[in-house]
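Protein chains in written order, with UniProt numbering: chain W, 1 to 402; chain Z, 1 to 375.
Take every hint as true, because none was put in to throw you off.
Think about it this way: if two alpha-carbon atoms lie no more than 25 Å apart in a straight line, the pair counts; the simulated DSS-like pairs of lysine-lysine are: (1) Z:K335 / W:K270; (2) W:K247 / Z:K330; (3) Z:K335 / W:K224; (4) Z:K348 / W:K224; (5) W:K247 / Z:K335; (6) W:K306 / W:K247; (7) W:K309 / Z:K173; (8) Z:K139 / W:K309; (9) Z:K83 / W:K129; (10) Z:K173 / W:K306; (11) W:K247 / Z:K139; (12) Z:K128 / Z:K173; (13) Z:K313 / W:K224; (14) W:K247 / Z:K244; (15) W:K270 / Z:K348; (16) Z:K64 / Z:K83; (17) W:K224 / Z:K304; (18) Z:K335 / Z:K278; (19) Z:K330 / Z:K244.
One-sided excerpt, in silico: chain W residues whose CB lies under 7 Å from chain Z: (20) L56; (21) D78; (22) C245.
Please keep in mind that the hints were generated in silico from the structure rather than gathered at the bench.
Note that beta-carbon positions come from the ideal geometry of N, C-alpha and C, so glycine has one too.
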Amino acid sequence: MCVLFVTLARREKSICVSPFLQLSTFIISVAFPLITQNVRSAKENKLSLNYIRPWLCFWILHSLELLQEPIPAAVASDVCQFLARCQSPTGGFAGGPGQHAHLAPTYAAVNALCIIGTDEAYNVIDREKLLDFLWSVKQPDGSFVMHVGGEVDVRSAYCAASVASLTNILTPKLFENTTNWILSCQNWEGGLSGVPGLEAHGGYTFCGTAALVILGKEHMLDLKALLRWVVSRQMRFEGGFQGRCNKLVDGCYSFWQAGLLPLLHRALYKEGESELSQQRWMFEQQALQEYILLCCQNPTGGLLDKPGKSRDFYHTCYCLSGLSIAQHFGNMDNHYEVILGKEENRLAPTHPVYNICPEKVAQALQHFLRMPVPEVSRQPGGSGEDRPSDAAAASSSADLQS
Amino acid sequence: MSDIEETVESVQVNEDKEFDVEVEEHIEDEFAVDPTRYIFYRDRKEWADLEPVPQDDGPNPVVKIAYSEKFSDVYDYFRALLKNDEKTERAFALTADAIDLNAANYTVWHYRRVLLQALSKDLKEEMKYITNIIEEQPKNYQVWHHRRMVVEWLNDPSEELQFIADILSQDAKNYHAWQHRQWVIQEYKLWDNELEFVENLLEEDVRNNSAWNQRHFVISHTTGFSDPAVVEREIQYCLNQIRKAPHNESAWNYLKGMLQDRGLSSQPGLLERVLELKETHCSPYLLAFLFDCYEDALENIAQKEKVEEEEQKETLRKALEICQLLAQEKDTIRKEYWEFLGRSLRNKYGNGTLSDEPMNIWFERGIHLLVFKER
Numbered sequence: 001m002c003v004l005f006v007t008l009a010r011r012e013k014s015i016c017v018s019p020f021l022q023l024s025t026f027i028i029s030v031a032f033p034l035i036t037q038n039v040r041s042a043k044e045n046k047l048s049l050n051y052i053r054p055w056l057c058f059w060i061l062h063s064l065e066l067l068q069e070p071i072p073a074a075v076a077s078d079v080c081q082f083l084a085r086c087q088s089p090t091g092g093f094a095g096g097p098g099q100h101a102h103l104a105p106t107y108a109a110v111n112a113l114c115i116i117g118t119d120e121a122y123n124v125i126d127r128e129k130l131l132d133f134l135w136s137v138k139q140p141d142g143s144f145v146m147h148v149g150g151e152v153d154v155r156s157a158y159c160a161a162s163v164a165s166l167t168n169i170l171t172p173k174l175f176e177n178t179t180n181w182i183l184s185c186q187n188w189e190g191g192l193s194g195v196p197g198l199e200a201h202g203g204y205t206f207c208g209t210a211a212l213v214i215l216g217k218e219h220m221l222d223l224k225a226l227l228r229w230v231v232s233r234q235m236r237f238e239g240g241f242q243g244r245c246n247k248l249v250d251g252c253y254s255f256w257q258a259g260l261l262p263l264l265h266r267a268l269y270k271e272g273e274s275e276l277s278q279q280r281w282m283f284e285q286q287a288l289q290e291y292i293l294l295c296c297q298n299p300t301g302g303l304l305d306k307p308g309k310s311r312d313f314y315h316t317c318y319c320l321s322g323l324s325i326a327q328h329f330g331n332m333d334n335h336y337e338v339i340l341g342k343e344e345n346r347l348a349p350t351h352p353v354y355n356i357c358p359e360k361v362a363q364a365l366q367h368f369l370r371m372p373v374p375e376v377s378r379q380p381g382g383s384g385e386d387r388p389s390d391a392a393a394a395s396s397s398a399d400l401q402s
Numbered sequence: 001m002s003d004i005e006e007t008v009e010s011v012q013v014n015e016d017k018e019f020d021v022e023v024e025e026h027i028e029d030e031f032a033v034d035p036t037r038y039i040f041y042r043d044r045k046e047w048a049d050l051e052p053v054p055q056d057d058g059p060n061p062v063v064k065i066a067y068s069e070k071f072s073d074v075y076d077y078f079r080a081l082l083k084n085d086e087k088t089e090r091a092f093a094l095t096a097d098a099i100d101l102n103a104a105n106y107t108v109w110h111y112r113r114v115l116l117q118a119l120s121k122d123l124k125e126e127m128k129y130i131t132n133i134i135e136e137q138p139k140n141y142q143v144w145h146h147r148r149m150v151v152e153w154l155n156d157p158s159e160e161l162q163f164i165a166d167i168l169s170q171d172a173k174n175y176h177a178w179q180h181r182q183w184v185i186q187e188y189k190l191w192d193n194e195l196e197f198v199e200n201l202l203e204e205d206v207r208n209n210s211a212w213n214q215r216h217f218v219i220s221h222t223t224g225f226s227d228p229a230v231v232e233r234e235i236q237y238c239l240n241q242i243r244k245a246p247h248n249e250s251a252w253n254y255l256k257g258m259l260q261d262r263g264l265s266s267q268p269g270l271l272e273r274v275l276e277l278k279e280t281h282c283s284p285y286l287l288a289f290l291f292d293c294y295e296d297a298l299e300n301i302a303q304k305e306k307v308e309e310e311e312q313k314e315t316l317r318k319a320l321e322i323c324q325l326l327a328q329e330k331d332t333i334r335k336e337y338w339e340f341l342g343r344s345l346r347n348k349y350g351n352g353t354l355s356d357e358p359m360n361i362w363f364e365r366g367i368h369l370l371v372f373k374e375r
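With the rest of the complex left out, here is chain W:
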């Protein structure tokens, strides 16, 4: 069904409607204030919106900034105050007020606040406590658990590296052994897995690679093998990317996979590679844009995985992010654009490491670099998993009610 749709869509390519006005209107006026949860019987209900509200803030804010839609000041301020309530008294951000801190909503909250970029936003972040939180989830082997008592995988290293670098609380000690742990996730396929031993996967590969870029260690990967793996993930017919070999295309991989090409381009350049293109990333930019614009749009606004699926904010964010990557090559000094369809399809460029706009990255760095790195001499947080006598974890459950 997807194949048929793609074929028809290609034929109708001339009808390249701009979707974005509808999308922005939808987001600002309808969705942002109120998200209605599908509340069918719990057994059918796959929705877990309740633990990802900071994510929703990020997905929506990032979509708006890519669309170059200004965020109303009142909304920005409300987001700041809400995220402040998601911040745990022990540091880091949780999925919602009163929940435990978790690296994923922490990543999302910090990104969302950096997109807003006001002093009010920056001031929400308690840097000292954030550093405490990162130490509390750090493992001796270099990995991080996603939350105290939670699971390990390479996403956590990215979330930790992202927030630590943006807020200037990063120290080498905090990431001791992390490089080697991430490197051990590169497998026989050339991509990276969630934990060592598993299948190479686009989301995890992006997280591992971007984390290494932040730590300045991306050259330690087998870049050639990684490059071969990621370019092979672009589907020759659909034009979009798959997450794993021999699986289906999905619009969100437009970012997780295609976003690796700018990172690799830079990494190879730093390694002395002289034959890199000066105009194009090493994937078919036009084909990806076609897939996103022709197959991944909901006619009433919003983007999605593949034809037949419903829209959601996650796919809206990552399809748009991927579209931006496909449209923009290079940087301020050397910038090439490939815009499929009308001029108004142009999105703002996005930073391939943090996935917020480059100006917002620079602004945040500038703001936080003026502050000293908090002094915390800590050891990694002990066992990442619940143990029978884990009194600390048990009693912390009482602390978290805000």
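Please arrange chain Z on chain W, whose structure you already have, making use of the hints.
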């Protein structure tokens, strides 16, 4: 990542009519009380001592979620339990309701684990419970992590391989399932039958990349890939699968992945076998493999003392020919990549300028390419 893809659905209002509650009507009716009907916690006598704690969203919440009445009720009481650090049977029972409403709430799962320990609950019962939940929601991080904890506490992996096999029979590529499987196998040294398990899966679907990965996992942790007999067996296996399904990228990736550390040209006769396959079972993957063989050969030639210049030129020519074939005709979606490889190879092993490519202006100008602004 998979749980985000799978769980975030469209925004729709679809209030659960069941809980629009005609319960109020029936409370007075003593004769027709239905013991299975749902009663809100706020209406349960045995919970009357606890003050529910509403969610503290603040005065101007954003991304507000329209919870059902049932959801709010359960979680208001969950927050109350958390606040009082209550460790009782009723708290334990409530966590099941909370999980039923939102199995991704890691705060609830954590609390449930605390209670399992504090109340010395029957962990075998918990295994049954988590088994059911995973069957219903197999793409959720928290449920698998919880199962892992219980298995660890029980120190009993005896049900695991069968259980995971069952989940995989419903979705043979479930990442969480494979992750749990690898953990169990490594932790409890259950390697013995895994290669057979993998082969069965590949019989069912030779394109199952997760199974190919598991194959690599098992072999690398048991016999390893240094034993020539093992390598030959695996090459044979790959080529057989390729004959059955020539356009199966997994098989080609496995072949390369297995050999790349030692170098593709280290395997005598392999190139010839692949060239033979090219006649009848060609694919972009076969051509890429040939390219990799030639590239590896060039690497080795360069290191030899007596460089056969003709040999090097010929290998380079063949490699570049494949690059061009792939870029122009057989794998055009990766044109940029194949052209880059061609330029790179020519630059490294050819003698001189690349006539059809513009000079690298960045180097000329001394501009440092920053893909994004540095600090």
